[in-house]
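Participant: One-letter residues, chain by chain:
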Amino acid sequence: DQQVKQNSPSLSVQEGRISILNCDYTNSMFDYFLWYKKYPAEGPTFLISISSIKDKNEDGRFTVFLNKSAKHLSLHIVPSQPGDSAVYFCAASGETSGSRLTFGEGTQLTVNP
Amino acid sequence: ETGVTQTPRHLVMGMTNKKSLKCEQHLGHNAMYWYKQSAKKPLELMFVYNFKEQTENNSVPSRFSPECPNSSHLFLHLHTLQPEDSALYLCASSPALLSYEQYFGPGTRLTVT
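These protein sequences, in sequence, are chains D and A.
So in my numbering, the last spot in the first sequence is 104, and the numbers never skip.
So in my numbering, the last spot in the second sequence is 115, and the numbers never skip.
Everything labelled a hint here was simulated from the structure, so no lab data went into it.
Everything numeric in this text was worked out from a predicted model, so none of it was measured.
For every residue, glycine included, the Cβ atom is placed at its ideal position computed from N, Cα and C.
Take these hints with a grain of salt, some might be off.
To be verified - Each computed DSBU-like pair below joins lysine-lysine, with the alpha-carbon atoms no more than 35 Å apart:
hint	chain 1	residue 1	chain 2	residue 2
1	D	K(-4)	D	K59
2	A	K21	D	K62
3	D	K59	A	K21
4	D	K47	A	K42
5	D	K62	A	K20
6	A	K54	D	K(-4)
7	D	K59	D	K45
8	A	K24	D	K45
9	A	K21	D	K45
10	D	K(-4)	A	K43
11	D	K59	A	K43
12	D	K62	A	K42
13	A	K20	D	K45
14	D	K(-4)	A	K42
15	D	K47	A	K43
To be verified - Here are some of the chain A residues that sit facing chain D, going by a computed Cβ distance under 10 Å:
hint	residue
16	V6
17	Q8
18	P10
19	Y35
20	Q39
21	L47
22	K54
23	E58
24	R65
25	F66
26	A89
27	F106
28	G109
Model the full structure from these sequences, guided by the hints.
Facilitator: Here is the structure:
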């Protein structure tokens, strides 16, 4: 049973436009959500996170939105840059799971110049 | 060296071989993790160590044997592996066991022939 799902394996966007990556979860005990970015031949790197007490967190060009009632979160990148091309992983955790992160399958974002 | 390093970066081994993966973190963190990423699948947590003590084994087959001699080093000893064990093995660390943000190494790409 996959508790965190990223239904789009890939997304292609023009440079300067908005990229929207989506993530759905099923476990209502999750209360902290993270996005990681992974370039080829490198490990995932932490990008941005959000606690369930918030519905939005912004860091520069990156904004994460959380809709608890829909069990859905999204990552917005605006404006998108070619250097943003990478695989983006959504991850979730909860107090009952300690530091265990449950990851989605990832979405390959390609930003075209 | 900074961050989390892993050696080797690539490994090809036969099913009867014994090999070890090494992870070292230079961040002063107390918790370390092994993850497995198979093609098109989410990252799967394998083992968790906190202050050198194993706190979690996620039902991993005994042909994978972790070792954590100190808080900076983590090993994964491999023996009698199967072709389906071919995957990217990622090491991560975090400041404490309940820290949500984990720092990943670049991974070891393992191929079992």
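Participant: Hey, A:K21 versus D:K62, does the alpha-carbon distance stay inside 35 Å?
Facilitator: Between A:K21 and D:K62 the Cα gap is close to 42 Å, so the pair fails against 35 Å, i.e. violated.
Participant: Quick one, is the A:L47 hint okay against chain D at 10 Å, beta carbons?
Facilitator: holds (6 Å)
Participant: For the pair supplied as a hint, D:K59 and A:K43, is the alpha-carbon distance within the 35 Å limit?
Facilitator: It holds: about 25 Å lies between the C-alpha atoms, which stays within 35 Å.
Participant: Between the alpha carbons of D:K62 and A:K20, is the straight-line distance 35 Å or under?
Facilitator: The hint is violated at about 44 Å.
Participant: Mind checking the CB of A:Q39 against every CB in chain D and telling me if the closest is under 10 Å?
Facilitator: holds (9 Å)
Participant: For the pair supplied as a hint, D:K(-4) and D:K59, is the alpha-carbon distance within the 35 Å limit?
Facilitator: holds (15 Å)
Participant: Answer holds if the nearest beta-carbon of chain D is closer than 10 Å to that of A:Q8; otherwise answer violated.
Facilitator: Result: holds, 8 Å to nearest chain D Cβ.
Participant: With the threshold set at 35 Å, check whether the alpha-carbon distance from D:K62 to A:K42 stays at or below it.
Facilitator: Satisfied, since the Cα-Cα distance of roughly 23 Å is no more than 35 Å.
Participant: Within a Cα-Cα threshold of 35 Å, do D:K47 and A:K42 meet the stated pairing?
Facilitator: Judged against 35 Å, a Cα distance of about 29 Å means the pair holds.
Participant: For a C-alpha distance cap of 35 Å, please report whether A:K21 and D:K45 respect it.
Facilitator: violated (46 Å)
Participant: Double-check A:K54 for me: the hint is only fine if its C-beta lies closer than 10 Å to a C-beta in chain D.
Facilitator: violated (16 Å)
Participant: Under 10 Å, Cβ to Cβ, is where A:E58 needs to be relative to chain D, so tell me if that hint holds or is violated.
Facilitator: Interface hint status for A:E58: holds (7 Å vs cutoff 10 Å).
When held up to the earlier numbered hints, the structure conflicts with 2, 3, 5, 8, 9, 13, 18, 22, 24, 25, 26 and fits the remainder.
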